[in-house]
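Trainee: Please model the entire structure based on the sequences and the hints provided.
Number of protein chains: 2
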Amino acid sequence: MTVEETLMSSLDFAPLLASGLPPGAAKWNGLAKYSFVGGNNDGELVPVDDLIAAMSAVLKREGKDLATYGLASGPQGYRPLREFLSAKLKRTAGIACTADEILVTSGSLQALDLVNGILLDCGDTIITEAETYQGSLNRWTRLGVDAVGIPLDRDGMRMDALAAALDDLKRRGVRAKYIYTIPTVQNPTGTILPEARRLELLRLSRQHGVPIFEDDCYADLIWNGQRPPALYSMSRHGGVIHIGSFSKSIAPALRVGYIIAEWSLLSRMLALKTDAGSGALEQMVLGEYCPQHFDAHVPPLTCGLRSKLETLMDALNEQFGTAAEFDDPKGGIFLWVKLPDAVDTMKLYQAGLAAGVAINPGPEWSTDKAYGRSRMRLCFASPSHEAIRAGVATLAEVCRREFGVPERIGNVQRAQASGPSP
Amino acid sequence: MTVEETLMSSLDFAPLLASGLPPGAAKWNGLAKYSFVGGNNDGELVPVDDLIAAMSAVLKREGKDLATYGLASGPQGYRPLREFLSAKLKRTAGIACTADEILVTSGSLQALDLVNGILLDCGDTIITEAETYQGSLNRWTRLGVDAVGIPLDRDGMRMDALAAALDDLKRRGVRAKYIYTIPTVQNPTGTILPEARRLELLRLSRQHGVPIFEDDCYADLIWNGQRPPALYSMSRHGGVIHIGSFSKSIAPALRVGYIIAEWSLLSRMLALKTDAGSGALEQMVLGEYCPQHFDAHVPPLTCGLRSKLETLMDALNEQFGTAAEFDDPKGGIFLWVKLPDAVDTMKLYQAGLAAGVAINPGPEWSTDKAYGRSRMRLCFASPSHEAIRAGVATLAEVCRREFGVPERIGNVQRAQASGPSP
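Residue numbers (the numbering used here), protein chains in the order written: chain D, 1 to 422; chain V, 1 to 422.
Be aware that one or more of the hints could be misleading.
Identical chains share a label here; the pair holds if one copy fits it or two copies do between them.
As the list claims (entries may be wrong) - With a Cα cut of at most 25 Å, we get these calculated SDA-like pairs of lysine to any residue:
id : residue 1 : residue 2
1  : K338      : A161
2  : K60       : T302
3  : K60       : V48
4  : K33       : R306
5  : K88       : W28
6  : K33       : P75
7  : K60       : M346
8  : K64       : A53
9  : K64       : V48
10 : K369      : D168
11 : K64       : T302
12 : K338      : A14
13 : K60       : D49
14 : K60       : H297
15 : K60       : D50
16 : K60       : Q292
17 : K60       : F294
18 : K64       : P291
19 : K64       : A358
Since the hints were derived computationally from the structure, they do not count as laboratory data. Computed from a prediction, not measured in an experiment: that's the story for all the values here.
Mentor: Given below as structure tokens:
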């Protein structure tokens, strides 16, 4: 191109882009009319008034500290928030750690990126529950990491299958970088790994020298409030990295998560955390609100979520009848649903969007795409009870039109059998 | 190691770490007694009461939206904040862009990472002002990118030197990925690139097909409030990526910055922004506070900063006499100081820390380490007037002890010549 031509035309960035970039994001078109996707919560259950009071109090007292990066608490995050986490995790999860072993992150997503950043190279292998969080699966794919999926049953990851997978990797001379697990309200299955399996998981981890990456970000949302101790707390030999979040227990838009790990790892993650600290206002308001209100806030929250789950399960029974199979999850904000084998949920997802219903298709939440083909994840925290009923009804119509199931007659029988919903 | 040995010992992560990691971060030891480092601001000038009022108002009205990722504004950030930025940048920088061309980031540091992420591969070359922001220099080093430094004079980057560098790269068959510039209150020199040079910079950029990366994060802090139009606004052919921040104009701990670029680039950056949005509270409070208060907030802020700069320059004249050379910057929060050639500021930095004084050694802010050897950056916004005087006095003592300059007698003469400070 001559100088004249260059001066006339606008600069083309295409030849300047870095190699191996993911495709560009699509323009955002707003939320679907009936949205059963994303970790969104119930707006009615955000403790707005208490958050305002906490924010006013902490800013009156410490607002001038906003002029200093990290609020003069250093790069690991606002110290009063880390002190609360240290006490709360001791009480609820049995974790004995000081504020110095905690790194506050921009949501648990930055925690995933930092843990992956210090441990994973392209070509590495990790082990994970075969059905798991889409965001984790996408990260491994993007990093060129091989994810070995371990099947689950109603008590979470199957230890016999994990032992077999570890032995197989050993035979192949492969040392996995970590075993990723969401043991406490698993995403998407809603299972909780019992204490006996946690002990076996820790034994296998140590025997094979493969650490455990424990993602506990739904652990506060258990219907009966009873949780097993965290894997991090049960390990007498280290080897566990623990992450959590306030996204599900307070509000996802806050973007406050945390990592608990030994300093030799936290110091490496800090070197990769190039954002000069996460948002101060979120850390300040949580550091002020939580010590006083967190424990009282959770039970009404889980109660409200449980009520929406029941509305969703009733609506699925009424609209899909026997065509929708699911287990009653022990907590959380999502339901993992099996549809007849004839249903391809990737196609149902597209047809549903066109009808104003958003779902998470199973293949995006499974290491085994064929296994996930007829499954879907439905998030129930954000839509109203009415929207849940109307959305499921619309989804059933779309599914019937596209795949011939559910058959109308089956629903009527099932609806009569199960009786009218509350 | 046998199974038994493994079970007895704690898991060693060292062999599991990813390749090419930077060294681990050091434990944080708090701020120095006299801290002249970091982009910290004056705590007395944070508009705490107005921020509390804005936060209360916006949370009362929209607090329930915290239950939805991105506040239902989508991944580019809280729309009212982007609308404010669109209007403010049109008024102050001449930039005509809609809210859809703005991506809100976690400070301008995430903006640097996202722009670098879509454009830079290891082995690439970029062009930059020879004296520039340490955080940008560190990123290029970490990415394995070759940074070609262009000398500055009192009007910023020298266009004759830029033209020569571009011609030289062309001869070598190298197309730089971008020309990085901080044209409006340059860091660390405090210079402002005049409009004529901006036109020449744009001409050279288009002639060589090398885009401009405009970092404008200090542009609000100009003593006389007069700024040239942004390079982004002057380009009639695109080819410019513009970033800015609220860290210097409101408060650094907020971590709110932004990127303005064409959608073909923003969409690629969005695909790399894996944090599900930046902190909502910061975006909400700024979206509420700024339309009403931003313009009135800035003049008293810059007036207070100017007054601290004068205290710093007076203290340097008193304590260092002719041994400290500097130009009076046109705005900002830092002063770039030349000490006698005998002074190695990397050594002065270490000796100063031991005496409770923190400075930025010149080599960390220069592409030419030898040129930066006897230079240092002093940030003056955070310490009080008294701390500035005491800190400079301590630094002069350390410098005299370590390098024999400044000589006491010189200071006395200079102090008498310049008269007592206000």
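Trainee: The structure should be examined with respect to each hint, and the outcome stated for every one.
Mentor: These are the hints, each one checked on the structure:
In the homo-oligomer, the alpha carbons of K338 and A161 lie at most 25 Å apart inside one protomer (22 Å), although the nearest pairing across protomers, at 66 Å, exceeds that limit. Taking the closest pair of Cα atoms, K60 and T302 come within 25 Å of each other only across two copies (23 Å); inside a single copy the shortest separation is 32 Å, beyond that limit. For the identical chains of this complex, K60 and V48 are neighbours both inside a copy (18 Å) and across copies (7 Å), given an alpha-carbon limit of 25 Å. For the identical chains of this complex, K33 and R306 are intra-copy neighbours only, at 22 Å inside a copy versus 53 Å across copies, given an alpha-carbon limit of 25 Å.
Taking the closest pair of Cα atoms, K88 and W28 come within 25 Å of each other only across two copies (24 Å); inside a single copy the shortest separation is 37 Å, beyond that limit. Proximity of K33 to P75 under the C-alpha cut-off of 25 Å is restricted to the inter-copy arrangement: shortest distance 18 Å between copies versus 41 Å within a copy. When the C-alpha separation of K60 and M346 is checked against a cutoff of 25 Å, the pair qualifies neither within a copy, at 51 Å, nor between copies, at 40 Å. For the homomeric pair K64 and A53, the shortest alpha-carbon distances inside one copy (18 Å) and between copies (15 Å) are both at most 25 Å.
Taking CA atoms no more than 25 Å apart as the test, K64 paired with V48 passes in both settings, with 24 Å inside one copy and 7 Å between copies. Taking CA atoms no more than 25 Å apart as the test, K369 paired with D168 passes inside one copy only; the shortest distance there is 22 Å, against 53 Å between copies. Taking identical chains as interchangeable, the C-alpha atoms of K64 and T302 lie at most 25 Å apart only when they sit on different chains, with a minimum of 17 Å there against 36 Å within one chain. For the identical chains of this complex, K338 and A14 are neighbours neither inside a copy (43 Å) nor across copies (42 Å), given an alpha-carbon limit of 25 Å.
Taking the shortest Cα distances, K60 and D49 sit within 25 Å of each other both inside one copy (17 Å) and across copies (7 Å). In the homo-oligomer, the alpha carbons of K60 and H297 lie at most 25 Å apart both inside one protomer (24 Å) and across protomers (18 Å), since each shortest distance falls under that limit. Both within a single protomer and between protomers do K60 and D50 lie at most 25 Å apart by alpha-carbon distance, with minima of 15 Å and 11 Å respectively. Taking identical chains as interchangeable, the C-alpha atoms of K60 and Q292 lie at most 25 Å apart whether they share a chain (18 Å) or sit on different chains (20 Å).
For the identical chains of this complex, K60 and F294 are neighbours both inside a copy (21 Å) and across copies (20 Å), given an alpha-carbon limit of 25 Å. Taking identical chains as interchangeable, the C-alpha atoms of K64 and P291 lie at most 25 Å apart whether they share a chain (22 Å) or sit on different chains (22 Å). Taking the closest pair of Cα atoms, K64 and A358 come within 25 Å of each other only across two copies (21 Å); inside a single copy the shortest separation is 44 Å, beyond that limit.
Taken one by one, the earlier hints fail for this structure at numbers 7 and 12, listed in ascending order.
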